[in-house]
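**Q** Assemble chain W onto chain Z, guided by the hints.
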Amino acid sequence: MSDSASKPRPQFRNLNFGQLLVLTYHLPLAAKSSILHRISGALLFLSLPLVVIPLFAASITSADSYAVMREWVSHPLCKVVLLVLIWGYLHHFCAGVRYLLLDTHLAKWDRISAQRSAGMVIGISLALTLVFGLKLFGAW
Amino acid sequence: MATQQRLGTKRLVVGAHYGTLDFVVQRCTAVVMAIYTLILFFGFLFSSEMDFEAWQHLFTFHLGVLPVGQLLATLAFFSVAWHAWIGVRDIWMDYVTSAGLRLLLQVLTVLWLVGSIVYFAKVLWSL
Numbered sequence: 001m002s003d004s005a006s007k008p009r010p011q012f013r014n015l016n017f018g019q020l021l022v023l024t025y026h027l028p029l030a031a032k033s034s035i036l037h038r039i040s041g042a043l044l045f046l047s048l049p050l051v052v053i054p055l056f057a058a059s060i061t062s063a064d065s066y067a068v069m070r071e072w073v074s075h076p077l078c079k080v081v082l083l084v085l086i087w088g089y090l091h092h093f094c095a096g097v098r099y100l101l102l103d104t105h106l107a108k109w110d111r112i113s114a115q116r117s118a119g120m121v122i123g124i125s126l127a128l129t130l131v132f133g134l135k136l137f138g139a140w
Numbered sequence: 141m142a143t144q145q146r147l148g149t150k151r152l153v154v155g156a157h158y159g160t161l162d163f164v165v166q167r168c169t170a171v172v173m174a175i176y177t178l179i180l181f182f183g184f185l186f187s188s189e190m191d192f193e194a195w196q197h198l199f200t201f202h203l204g205v206l207p208v209g210q211l212l213a214t215l216a217f218f219s220v221a222w223h224a225w226i227g228v229r230d231i232w233m234d235y236v237t238s239a240g241l242r243l244l245l246q247v248l249t250v251l252w253l254v255g256s257i258v259y260f261a262k263v264l265w266s267l
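So the sequences go chain by chain: Z and W. Under my numbering, the first sequence is numbered contiguously, ending at residue 140. Under my numbering, the second sequence is numbered contiguously, ending at residue 267.
Calculated directly from the structure, the hints in this document are not laboratory data. Since this is a predicted model, take the numbers as computed values, not measurements. Note that beta-carbon positions come from the ideal geometry of N, C-alpha and C, so glycine has one too. One should not assume that every hint holds.
Among chain Z residues calculated to face chain W with C-beta under 8 Å, some are [said to hold, decoys possible]:
#, residue
1, Arg-38
2, Gly-41
3, Phe-45
4, Ile-60
In silico lysine-lysine, DSSO-like type, Cα no more than 30 Å apart, as pairs [stated by the list, open to error]:
#, chain 1, residue 1, chain 2, residue 2
5, Z, Lys-32, Z, Lys-79
6, Z, Lys-135, Z, Lys-32
7, Z, Lys-108, W, Lys-262
8, Z, Lys-108, Z, Lys-32
9, Z, Lys-79, W, Lys-262
10, Z, Lys-135, Z, Lys-79
Chain Z extracted, bound-state conformation (with noise of 0.2 Å):
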């Protein structure tokens, strides 16, 4: 016993980025939501300016302007930067709204329902991104 005493445990306390990026670190669900949301809410602020507003800009200037826009699109890795972005957006919006909903009180956030919401958040934002990754990549 006294051994236990004298020697203290061991103690992992800080995460660092590479334990979250390389995910030795187990998150419960409402942690990796938060991340998520903070990392596509970073996404969203630098595609603002370098590929939200041009595309925007050639969608609807003029018809001609438009088509070069659908040109720019059909190109896959357009394609691919954009379907994050889907994520980016879809992920932001439904982490989110569960936000609202518990700041209203609306939601519950007893442990169990936190982690029950936090995982919806995330499977939603997949199961949508998957639907518009389709229709981006023609399946329809």
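**A** Then chain W, alone, in the frame of chain Z:
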């Protein structure tokens, strides 16, 4: 002098409430963007054929003399920029501890967002 008030029975709230303002703004702008997303989504769904004309009409339609399409898009974009400012500033505050570097990143964030607003406004209002 900051007004003081009690929250509940114990907690005395002091200060200028900048944090509270940001908290509320973050959520109000989120609601504005969510509503605008739904407006665009249903506009997209219920237009019989989505071609250039119909797409442009979503952002340029008028009610009487009011350019409602452009006004809604502009308000939504201001919400995007204000929301993004609070969110990105939170990221810098969480991860960047050096005051000088944080200030630099915050200034760059503001420039990035103001540039985006001007870019978007120029595209939208030159239609």
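**Q** Indicate, hint by hint, whether the structure satisfies it.
**A** Outcome of the hint check:
1. Arg-38: 7 Å, holds
2. Gly-41: Where the cut-off is 8 Å and the nearest Cβ of chain W is about 5 Å from Z:Gly-41, the hint holds.
3. Phe-45: This hint holds: Z:Phe-45 lies near chain W, its Cβ roughly 5 Å from the closest one there, short of 8 Å.
4. Ile-60: 5 Å, holds
5. Z:Lys-32 with Z:Lys-79: 26 Å, holds
6. Z:Lys-135 with Z:Lys-32: 27 Å, holds
7. Z:Lys-108 with W:Lys-262: This hinted pair is violated, its Cα atoms lying about 44 Å apart.
8. Z:Lys-108 with Z:Lys-32: 18 Å, holds
9. Z:Lys-79 with W:Lys-262: Holds, at roughly 26 Å.
10. Z:Lys-135 with Z:Lys-79: 11 Å, holds
Figure legend: structure checked against the earlier numbered hints; the only hint not met is number 7.
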